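Number of protein chains: 2
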Amino acid sequence: MTYCVGLCLDKGLVFMSDTRTNAGVDNISKYRKMFTWNVPGERTFVLMTAGNLATTQAVVSMLEERTKAPEERNPSILEVPSMFQAARLVGKTLRDVIKESAPAAGPDAESPFRATLILGGQIAGSEPRLFMIYPEGNFVEASKETPFFQIGETKYGRPILVRAHDPAMSFAEAVKLLMVSFDSTLKANLSVGLPLDLLLYETDSLDILKQTRIEEDDPYYSLISDNWGEALKTTFASLPQYRL
Amino acid sequence: MTYCVGLCLDKGLVFMSDTRTNAGVDNISKYRKMFTWNVPGERTFVLMTAGNLATTQAVVSMLEERTKAPEERNPSILEVPSMFQAARLVGKTLRDVIKESAPAAGPDAESPFRATLILGGQIAGSEPRLFMIYPEGNFVEASKETPFFQIGETKYGRPILVRAHDPAMSFAEAVKLLMVSFDSTLKANLSVGLPLDLLLYETDSLDILKQTRIEEDDPYYSLISDNWGEALKTTFASLPQYRL
Chain A
0 MTYCVGLCLD KGLVFMSDTR TNAGVDNISK YRKMFTWNVP GERTFVLMTA
50 GNLATTQAVV SMLEERTKAP EERNPSILEV PSMFQAARLV GKTLRDVIKE
100 SAPAAGPDAE SPFRATLILG GQIAGSEPRL FMIYPEGNFV EASKETPFFQ
150 IGETKYGRPI LVRAHDPAMS FAEAVKLLMV SFDSTLKANL SVGLPLDLLL
200 YETDSLDILK QTRIEEDDPY YSLISDNWGE ALKTTFASLP QYRL
Chain B
0 MTYCVGLCLD KGLVFMSDTR TNAGVDNISK YRKMFTWNVP GERTFVLMTA
50 GNLATTQAVV SMLEERTKAP EERNPSILEV PSMFQAARLV GKTLRDVIKE
100 SAPAAGPDAE SPFRATLILG GQIAGSEPRL FMIYPEGNFV EASKETPFFQ
150 IGETKYGRPI LVRAHDPAMS FAEAVKLLMV SFDSTLKANL SVGLPLDLLL
200 YETDSLDILK QTRIEEDDPY YSLISDNWGE ALKTTFASLP QYRL
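Residue numbers (numbering that gives the first Met the number 0), protein chains in the order written: chain A, 0 to 243; chain B, 0 to 243.
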């Protein structure tokens, strides 16, 4: 499985994804699930993927036009005039890949070739935008009321996001929030695993502010993981007692 | 959907279940999902149900022998010699009901007639035991390493259970823990709703220690819900800051 979160802040966009893929518990691998297309000063796109790995790899390869010889590659995602058009292009590519892989099954609910994507970014002259793209190729956009998207194993890490997310928070606070959300998920579900990929995008910068990988031995992640567990227990103990 | 938890403590067993059922968001009802068979001094059984409501109601009706005239009812669950046999009886009843409802589909993974049950209790002369019973009629038992079972919408409320459960905790602490776990679930998923049913069973008492319904306006639940949300935010704020 997978866990990815894309978060809208007043300051910009924050993306985090895990790197574990599994086809059964005896076939676990590490794969990047975060992809970027960045033309500094003009456009920055971040794509995160959950679902069938063959599908998501094919989508990324097609978006990068790896079907063509290296010198002829001219990804049309670098030419679309708007984020909306970028989401349409990614959605169409996803739908086409699923259709091709499953001629009999089609992109219906039970197809094992399904994938769900989060696309965020900005094009010069317009606002930063964040989309969740479904296997059917359609998509929804984040808004003030729904300022984040999760894909993959979304449930364990959702309560803290719902409670602590605040669009006014700083990038540092948002990273902390995502680490707590990921830690809750990792603790509860073996199919989500370290390392994590983190990307910060600052509104109107039209460039990646920070992109880094949080490894197994990352001291800040360990600190958060240990402290959060302890703090939860202390907080829990401090709540008023039930009277039988 | 549903959320039920059965918890083993050194002191006894704790059960909590919600009461919301839904067949689509426009068809929401309130149903009890916790059932008891209690012969003080001899045996106490608690059953909690998740899944298809027609299936779980049929299972309970058959266990209570409501197929017979009232004066002839002599539920065999009150005669089985061991908790293991009680779990077998419940499992067989569940499998039979599913089979009957779905002659074509059978009790396979995609059948909409599925249900999952938690059965706990004690019979005089043996230890209290806790089982999770699958739609196929087979079951697993709780142990020191796996001291609780969840059924229904299990993921949102799992991280706090994993972190704060301690078999040595008192009944009062266990109720607090379950309320936090249920509150996280209710906040994140509309298909789980108040009121909640709570039952406490003390080892070797062979009677129900406490059975109560936690209503929408329960002051302790509101206190926990409000305080936990605030405490989470405070705890989160107190964690060390990420350095960009």
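Since the hints were derived computationally from the structure, they do not count as laboratory data.
One should not assume that every hint holds.
Because identical chains share one entry, a pair is satisfied inside a single copy or across any pair of copies.
What the hints assert, rightly or not - Only pairs whose alpha carbons sit at most 27 Å apart, straight line, appear in this in silico DSSO-like list of lysine-lysine: (1) Lys10 <-> Lys91; (2) Lys67 <-> Lys10; (3) Lys91 <-> Lys186; (4) Lys232 <-> Lys186; (5) Lys209 <-> Lys91; (6) Lys232 <-> Lys209; (7) Lys232 <-> Lys143; (8) Lys29 <-> Lys10; (9) Lys186 <-> Lys67; (10) Lys98 <-> Lys209; (11) Lys98 <-> Lys10; (12) Lys232 <-> Lys91; (13) Lys232 <-> Lys67; (14) Lys186 <-> Lys143.
On a predicted model such as this, the values are computed, not experimentally measured, just so you know.
Check your understanding: When no copy is specified for Lys67 and Lys10, does a C-alpha distance of 27 Å or less occur within a copy, between copies, both, or neither?
Key -> neither (38 Å within a copy, 68 Å between copies)
Exercise for review: Evaluate Lys186 and Lys143 at a C-alpha cut-off of 27 Å and name the case that applies: within, between, both or neither.
Suggested key: between (30 Å within a copy, 19 Å between copies)
Point to revise | Identical-chain pair category, Lys209 with Lys91, by Cα at 27 Å | key: Neither, since 29 Å and 57 Å both go past 27 Å.
Practice item. Give the relationship of Lys98 and Lys209 under a CA distance limit of 27 Å: within one copy only, between copies only, both, or neither. Key: neither (36 Å within a copy, 56 Å between copies)
Review point. When no copy is specified for Lys232 and Lys67, does a C-alpha distance of 27 Å or less occur within a copy, between copies, both, or neither?
Key: Cα proximity of Lys232 and Lys67: none, with 55 Å in one copy and 51 Å across.
Exercise for review: If the cutoff is 27 Å on CA atoms, where do Lys186 and Lys67 land: within, between, both or neither? Let me know, please.
Suggested key: neither (42 Å within a copy, 49 Å between copies)
Practice item. Could you place Lys232 and Lys186 in one of the four classes (within, between, both, neither) given a Cα distance threshold of 27 Å? Key: For Lys232 and Lys186, both the intra-copy (15 Å) and inter-copy (20 Å) Cα distances are at most 27 Å.
Review point. Is it within, between, both, or neither for Lys232 and Lys91, if the alpha carbons may be no more than 27 Å apart?
Key: For Lys232 and Lys91, the Cα distance exceeds 27 Å both inside one copy (47 Å) and across copies (40 Å).
Review point. With identical chains treated as interchangeable, where does the CA-CA distance between Lys91 and Lys186 reach 27 Å or less: within a copy, between copies, both, or neither?
Key: neither (35 Å within a copy, 34 Å between copies)
Practice item. Pop the pair Lys10 and Lys91 into one bin, within, between, both or neither, using alpha-carbon distances up to 27 Å. Key: Result: close neither inside a copy nor across copies, 30 Å intra and 58 Å inter.
Point to revise | Intra/inter-copy verdict for Lys29 and Lys10 if alpha-carbon distance must be at most 27 Å | key: Neither: 31 Å inside a copy, 44 Å across copies.
Check your understanding: How would you label the pair Lys98, Lys10 (within, between, both, or neither) given a Cα cut-off of 27 Å?
Key -> neither (38 Å within a copy, 56 Å between copies)
Against the hints set out earlier in the document, violations occur for numbers 1, 2, 3, 5, 8, 9, 10, 11, 12 and 13.
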